[in-house]
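Chain residues, written in single-letter form:
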Amino acid sequence: MAKKEKNFSRRDFLKTSGIATGALIGGGIIGGLIGANTNQQNAGSTSAPGTPEESMGAPGGVRGLTFFKNNAEFEILNQATERIFPEDDLGPGAIGLGVAYFIDQQLAGSYGENSKEYMQAPFYEGESTQGYQSRLKRNEMFRQGIQLMQQESQSRFNANFVDLDGGQMDEILTAFQEDEIQMKGTTSLFFFRLLRQATLEGAYADPIYGGNHNMDGWRMKSFPGHQAAYINEIDSEDFVEIEPQSLGMEH
Amino acid sequence: MVTTLDSVDVVTVGVGWTGGIIAAECAKEGLSVVGLERGRERGTEDFSIVHDEYRYAIRYELMQDLSKETITFRNSRQQRALPMRQMGSFLLGEGLGGSGTHWNGQNWRFLPYDFQIKTMTDEKYGANKLPPEYTIQDWGITYDELEPYFDRFEKTAGISGEDNNPFWGQRSSPYPTPPMKKTPLLQRFETAATNLGLSPFMMPSANLSEAYENPDGQQINACQYCGFCERFGCEYGAKTSPEITVVPTARETGNYEIKFNANVVEVMKEGDRVTGVRYYDTETFEEFIQPANVVVLTSYMLNNAKLLMVSQIGEQYDPETGQGTLGKNYAYQILPGASGFFDEQMNTFMGAGALGMTVDDFNGDSFDHADLDFIHGASLSMTQTGLRPILHNPIPPDTPSWGADFKRASIENYTRTLNVGGQGASMPHRDNYMSLDSTYKDIYGVPLLQLTYNFTDQDRALHSYLTERAGEIMQEMGATTVVAGSPISDYDIVPYQTTHNTGGTIMGADPATSVVNNFLQHWDAENLFVIGAGNFAHNGGYNPTGTVGALAYRCAEGIIRYSREGGSLV
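Which chain is which? The protein sequence lines are A and B, in order.
If you count the first sequence from 1, position 179 lands on 179 in the UniProt record's numbering, and the numbers rise without skipping.
If you count the second sequence from 1, position 85 lands on 85 in the UniProt record's numbering, and the numbers rise without skipping.
A hint or two may mislead.
[To be verified] Derived DEER-like restraints, expressed as beta-carbon distance ranges: (1) B:Q475 - A:L189: 28 to 38 Å; (2) A:D179 - B:A512: 48 to 58 Å; (3) B:T321 - A:T174: 49 to 59 Å; (4) A:Y124 - B:S401: 25 to 35 Å; (5) B:T284 - A:A121: 23 to 33 Å; (6) A:A228 - B:Q78: 48 to 58 Å; (7) B:T399 - A:P122: 35 to 45 Å; (8) B:N164 - A:Y124: 47 to 57 Å; (9) B:D405 - A:D179: 13 to 23 Å; (10) A:E171 - B:T399: 13 to 23 Å.
[To be verified] Stretch by stretch, here's where chain A covers chain B in the computed footprint (C-beta under 8 Å, at least three residues): (11) 46-56; (12) 409-420.
Think of the hints as simulated: they come from the structure by calculation, not from any bench.
Using N, Cα and C, we set each Cβ at its ideal position, and we do this for glycine too.
Turn these sequences into a full structure, and let the hints guide you.
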């Protein structure tokens, strides 16, 4: 594949994503953005079971980046989370749910800054049973990990990560998961677990945090979110379907 | 500069269940009590938007800020201990109510066997049932001696339950409120357990089945089964917690004051008495001394042990020589269990923290251990606590942990999976203990507590046996696939397991082998009391709070008597 074509594709992609993150509103936004990625099956639609409610997770009708400084980084995260939690016939994937926006916001705050973690020196590697021993904050880990995804993509496929097909992206994510990627100050396995966990958090946290768009994560999983009580339903022999509710809807 | 405050009769370090019980009982008797709580004031009114899994269950809203203080950990003395930089295996509470605010409300009395485990094991199986490195010992008190205090705590908390478990000790009165709803899911467990010849019963619960007024006149409301208990506070005031019972009881006397943002760093000792405590205001870092006639350590068991160590009160345990008692007999819990995958959707998202059914047929010495290479056992329960979507992504074996297959399997099985889980007893071992770390410090410059802990052969044998029993129940419940828990190897501080840490400040009849007597009065300082699961000489097969609550009521009686008469209480 010619390098020039790839470069063109990347410019095209950046242009598209710039518009999408800056201006579009509501359920269609990320789908429009992904349309640029022709190799992504199913990624162009955010249709979900159930009736879409008003736009959740997009306060004021706009969305933007609070940690990442350019859309290229953000789009790598976007695609990686989609591979972890892809769109299918059950409903939207990470992109449709706004998971990368959720992660971006978390990385800018106390989660990303490790503000409730013990971060005093000295730092030693330790045994796996002793847990997280890195000097790196989570947001530093994410930035490095995403740069390495791009680097790995260039060295393996001579292409940008966001232009890879799903199988190629999976190959790179698997290399992270199997600890084959050299990271500074942490291991790629640790980063991968963090990324996977953050993806699930973005898919299923209350939409007040910017993910779980339209509560579709909950809807897929038959989790009703914030309900006052089940005292009248818990004796039911049958499964009870309840339309989910966000904490944010009461305000 | 240190400001010395006016002296009080009693100061407690921490205001959770134990600090609240001491405060209520002592203040009712006219003693002046100050509670020093390093966290903040909070109550039912703060929990109106608590149904937020991410904030409370994932980001640990109610838990200790580890950036200020944590512990260090290693599996063995050969390893370098390193800080627990983020919370995982257990969750340390902070703020008014402590862990009593974010608990599930499963409320048990330890078995008669637990309190006399050494005597009863030796009598039945001979003195060599366990190798000598297992340092089991009697607790210096019997179940019957503790029974009135169990009764007292259950009445304060309004516990909902039914007395139809053949393996329990005698009760002096029935549960204050009837058991919770026996839901269709619990009935499945009941039927299966009954078919197997076991004796299922409703789990004793501090999520109350009906509204209740306790003997102190405090109102506890009826549980609404909203499914947000563990790691959350209760917006209904229906999960019994210190801040809706013993804390208001103490405050109503006019003899009680709580100082918030007060982090105690030292118990001050002169000769064979303590004189008070030194603390920092966590907001201004101002330093204070609170003098008191009686000092009561009522924080989490890890911090209670640490305060004694940094204050050099008592002899530090040495695993080489076996000498010393402070830090000795740290124990945890062993978690056997089995998951079952079912075809039909079930209401697994509904529930309450202590909504469950249990069998004790494989707990304590309910079954014969003659041909087994372990002692004790586990309560086996099926709970319906309300599963939430971030933390519950059950997948059958051989399903990938991410990607399309993961997504489908985890979504389908979220409402199609049940668990039978055991709380396995944990026997103390010579090599499992607590001490002070020589490298790492908290933000006040005080050394961190160091934990040296690993699972033992006894633990692995118990886990394996009880996991098989859990699997049999799940099979009988009709699961299409039963997945037994993996065998345990080394203890790992990363994944959440249980916040049932015990030992380190153990109680007993002999100062040579225990830190406190059976009124929880320190052997080396008669006006110092230490309460909590740290008093347990081993860990049993249940949640600890019911037994901790009973010990606190006994300790309160001791403090009141001591305040009048002085001297050793035993």
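Unsatisfied constraints (hint numbers, rising): Going through the list in order, the structure violates no hint and respects every one.
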